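Going down the list, the sequences are from chains A and B.
Using my numbering, you'd call the opening residue of the first sequence number 966 and step up by one each time.
Using my numbering, you'd call the opening residue of the second sequence number 18 and step up by one each time.
Source of the hints: derived by calculation from the structure; they are not laboratory data.
All of these numbers come straight from a predicted model, not from anything done at the bench.
Take the hints with a grain of salt, since some may be wrong.
Claimed, not checked - With the C-beta cut set under 8 Å, the calculated list includes, among others, these residues of chain B facing chain A:
id	residue
1	V79
2	N83
3	M85
4	V126
5	L145
6	L149
7	R442
8	A477
Ideal Cβ positions, reconstructed from N, Cα and C, are used throughout, including at glycine.
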Amino acid sequence: MTFEQLAFYFFASVAILAAAMVVTVRNPVRAALFLILTFFAVACIWMMLEAEFLAIVLILVYVGAVMVLFLFVVMMLDIDFDQLREGFAETLPIGATVAVLVLLQLVIVLTSGPFELEQVAAPVPAAADYGNTHQLGLLIYTYYVYPFELAAVMLVLAMIAAIVLTLRDRTGTRSQKPHEQTQVKRKDRVRLVKMNAEKKN
Amino acid sequence: MNHILNMQVATPEIFIFSMACLILMIDLYTHDRLPLLSYWLTQATLVAGIYLGLGGMGTEPVTTFNGMFIHDGMSVVVKLAIMLFTLIGLVYSRQYILDRGMYRGEYYVLVLIAVLGMMVMTSASHFLSLYLGLELLSLSLYTLVAINRDSDTAVEAAMKYFVLGAVASGMLLYGMSLMYGVTGSLDIKTISAAIQGMQSDDVMLMLGLIFIVVGLGFKLGVVPFHMWIPDIYQGAPTSVVLFIATAPKLAAFAMVIRLLVDGFQSIAVNWSDMLVILAVLSMALGNIVAIAQANFKRMLAYSAISHMGYFLLGIISANPNGYSASLFYMIIYAFTGLAAFGLILLMSRSGFEAENISDYRGLNREHPWYAFMIALVMFSMAGLPPTVGFYAKLSVIQALVDVNMISLAVIAVLLAVIGAFYYLRIVKTMYFDAPEAERTITTGLDARVLVSLNAVMLLAVMPWIGTIMDLCMSAIQSMG
């Protein structure tokens, strides 16, 4: 067994074990942390496939941003997880049957030929000066410019949707208005009152 | 590299998105002073979009954006219908939106982006652009369903729609990834060439096809993937249901054509067998369960499920005649649905939703004209001659008979007879029951005239029915 194989089996088993833990641990915070571990192991496998840019993006975006946000949500919301688990025993037989059937079908398909090792040639290692990031950049802005722009439209749409669904104009909130604060004139705030001098006793 | 970016054929899409961004900004500054400005700007955008789309009529099929965008006769006709139906739908729903405090510039921006998504789907010749167009449409629709945040039913409907829509997208994506595994390409034309010699015992190919058909089934809302439709139709604001029930159906037609016909025509035997089961189940369940509904919108939801079954009949015949019959069916159904929901919106007023069948009791005494309009729409939905609905059903069943699927055609006709019962019950409720409460119609004149025109057209368009059928036929024949 070469070192490469060893590394692959290590990362693959970590990924599978961690993924199994995500759905079995009781504590949602731990589940989220295991999900991070899964992403990390998968990123390592991508790194071995010489997709270094995608591997780093996976860690930066998913581990760095998405999962941290997810953890915040889990910690901030008071979700009663016991209540969510109610009815588990009732739906288990149906769910388990469907899951086993799907698994069986997938096994039949995956062992039917096209996925056998001899069907897929081992990738030729790229030259030392080959840059995955460079190639990706070239492709995205030329060949895939249309889907790239559409993805940008989708991000705009997601922003609009999030704002439409959450923004509420509330009256009576105490907020600072810097614009008005800087334009204040003396006469708005200070009132000079003419008073007669008082007599000394 | 210049020749690959011939963006001219995508002018309507580019224009609509630019205007959506512009309306978003303009609304921000003028919302308080000129509240209706974004409505009129949206309508102007759609009119201009239709004008730009008409310019693309009758040209040879062209692909652009490296073969990810295809412009052909089918895409032009479907896009024009999408923009036209959206435009009419917005006229019907303006008063409803204003009355319920849902009027915001973003409502129209979301509608425009949904239209953009549908147009992208219609012109997709690559799995990536197809999927991105589908998600643009779905994301806008999820938001539109939930736009009335204070209504519990609307939020629940949006949640159901979102979860099931995500499952459907997942199925579709998984099917696409399996197809990529089989053919090594995401380009629909390349895939079609690659699977040419493959047999139906190729397990991977079949599994991919099954997942894609399931994904399509979810998006079309055919049995057994229909669970979301009744809840959405009942729970969402009627103005949004009007939109969901019309234009996206045409986009769904285009998606079916792009995937099953453009991509997998050579394994048509396999997918048409799967579609037979979906179609028979949809026609049966849709027509039978609709009988038990007391809510008008929910009844129309089950009617939509059965109509999707009929629409599939044309696709099942797997030849150009059948596809053009399906396109014709979809256009007629969307047009009829437009009138049906337009009339529901007309009968609703501030603080009152005319959504129960009992709300229509004795409508004939007070508003004989609108009762007649609703009756026309119901006749067309049931497929009674001499309305256009009859010709729509006739053409898909004719397509089946042409390919000797007589037993399926007989089942379709029998189930249509069962379906006629609940449509005619509405007519009976309006004409022969005693009215309960007084009804006033508060909708503006433009919507009233347009909805009357829409319903009358279901009958009056008869002399030109051949022209529309020819249009559908030439659209299908000019596909690239």
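| message | Hint compliance check: list the failing hint numbers for this structure, sorted ascending. | response | 1, 7, 8
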